[in-house]
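Chain by chain, the residues run as shown.
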Amino acid sequence: MTLARDGERELCSAPVGDAGYFYRRLPRRILGRVEDLVRDLEAAADGDLVAIVLAGGVARGEFREESSDIDVVVVLETAKREVLSKIGGPLAVARAAARIDVTLLQAAEIDRSSDVFPLLFEDLRANRFVLWGKDPFVGLEVAREHRRLRVEQELREAALALRRAAAEARGDAKALGAGVERVLSRIRLPLRGLLDLLGVSCDSYALEAVLSKAGKKLVVPTARLGRPTSQPEECWDELATLLATAVAAVDTLDANAA
Amino acid sequence: MSFFPLDLPLAEFVAVYLVLGTVLLLAGKGAALGVTGLLEPKADASQDRRVDGPRLVEGELPTDDGLVAAAYLRGGIQGAADAILASAAGEAWMLKDDEAGGLELFDPPVGASLRSAKLRGRISGPHASFRDARLAALEVAKDESFWIRRTLSSQNLLRSAGSWFLGALIFGAFLAIVVGLGAVRAANADANGESPLVALSVACFFLFVAGALSKTNRATGAGERYVSWLESSTDALRDDVASARATDAGDLALVGAVHGVAEIPVFRKCIDELAAEAAA
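Those protein sequence lines, which keep their order, are chains V and X. So in this note's numbering, the last spot in the first sequence is 258, and the numbers never skip. So in this note's numbering, the last spot in the second sequence is 1280, and the numbers never skip.
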């Protein structure tokens, strides 16, 4: 397992699903805060706690100390108001101290929610580290059709946002570049989901890698997608083409499924 | 008067005086903290102390009135004023005026705190300089200092006036010895055939050091631990607010209360403007 530095970004070439390894590599200060949260939740939840699970970017090996959130899923048995009120204090401290962002789930809703949160659950299925309790996501299945719908929705929303960015920029190259950057930051997971649906394995979560794989599979250029600041117009054009082609690919999947 | 270290040649006296003075001031500070610490009531979990106002405890981030009280504990009355200003920025009725410089003011929104209404009432017009806004916040904070002190004292976070006075007396005694040594040496300067300015300068230096050492407010040991916990527990949020990544009203108020207004972008720009004016 190796980590390669590329400028200020740390690109991870480790195989996916090594969330425990990535967790242990967190700075000691952050680890301490996560451990504090686990201890405080255990004390405050009055036996309602089922599990605490590390998820998101950290579990995928994408942690950046200056900006990353630490995504944690807290699974509760009843999630009653009284319990939620008691754990509010530790959650607020964890957020302010180390950007620990918590999603609260009720144990019974996990199996029934994967249809409406398919990408979140698919990510959890592939990348998680149980910090406390029994793993509540063992055997979790996310239906292919649910994933397909969600990927299509997110890609279509990205296409809408891209058009709006160009309209709002009104010819200002800097504003256009910022808009393109915002759209780029939100398409990584749906594009990776699309590749998965198309049967293309992608062993990295880095945006550059996902864009490159998507470009090859969909036969569209992606060389300028890394230059939203220096070549915003060319970047916008390439991204619009990529999104249109990706959405068409999801539709093809739809037709095939039908 | 001629005894050690006053009987030493000037250069040796200055060297010994610097070392001795530093040791004495630190010892004085330690003695003051030790004696007043002994007088502090000990925390007893079995006793449910009666607490006036918001409760400030480690593990819970303060909100509303608790923010102003925590800010007072950290930075005295100016700290409380900073918390009030930060709330105003969080409620988005006090903004940076990029064209005219200084601050642009609106009416506090519905649901804003009464404290915000008081602050707005003390600043007339749609514009204000950062200095004027800070002075107005200071006045609002002064109006509230009574309940703040009562709240903090009832939780054993702030020293009582008697305890603080005793601490000041002990530290003052040590300071008097240090400054006295320099004064006596300066008084005998003519007889020794040397300039009195040397000893006086070192004595003034010690006065400056003493001022810095006594700058800590009246927080008890428990109060200082609470402030330290609060600062370390809002590290990430401070960075997010300073970089405008976090813009929630509650986040701005918390960071302003715990870390001061310089971390709030609106006021950071004002402070930079003032610094640029001063440099020019």
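It should be emphasised that the hints constitute simulated quantities derived from the structure, not laboratory data. Note that the Cβ used here is the ideal one computed from N, Cα and C, for glycine as well. Watch out, some of these pointers could steer you wrong.
In silico lysine-lysine, DSS-like type, Cα no more than 25 Å apart, as pairs [what the hints assert, rightly or not]:
#: 1; chain 1: V; residue 1: K174; chain 2: V; residue 2: K216
#: 2; chain 1: X; residue 1: K1269; chain 2: X; residue 2: K1096
#: 3; chain 1: X; residue 1: K1269; chain 2: V; residue 2: K174
#: 4; chain 1: V; residue 1: K174; chain 2: X; residue 2: K1096
#: 5; chain 1: V; residue 1: K217; chain 2: V; residue 2: K134
#: 6; chain 1: X; residue 1: K1118; chain 2: X; residue 2: K1142
Have a look at the derived ranges for each label pair, beta carbon to beta carbon [unchecked claim]:
#: 7; chain 1: X; residue 1: A1276; chain 2: V; residue 2: R125; range: 52 to 58 Å
#: 8; chain 1: V; residue 1: A240; chain 2: X; residue 2: R1245; range: 24 to 30 Å
#: 9; chain 1: V; residue 1: R125; chain 2: X; residue 2: F1106; range: 46 to 52 Å
#: 10; chain 1: V; residue 1: S85; chain 2: X; residue 2: L1135; range: 38 to 44 Å
#: 11; chain 1: X; residue 1: D1239; chain 2: V; residue 2: E168; range: 27 to 33 Å
#: 12; chain 1: X; residue 1: L1135; chain 2: V; residue 2: E109; range: 21 to 27 Å
#: 13; chain 1: V; residue 1: G226; chain 2: X; residue 2: L1018; range: 58 to 64 Å
#: 14; chain 1: X; residue 1: W1229; chain 2: V; residue 2: R125; range: 54 to 60 Å
**OP:** Quick one: which hint numbers does this structure break? Sort them smallest to largest.
**Re:** Structure breaks hints 1, 5, 12, 14.
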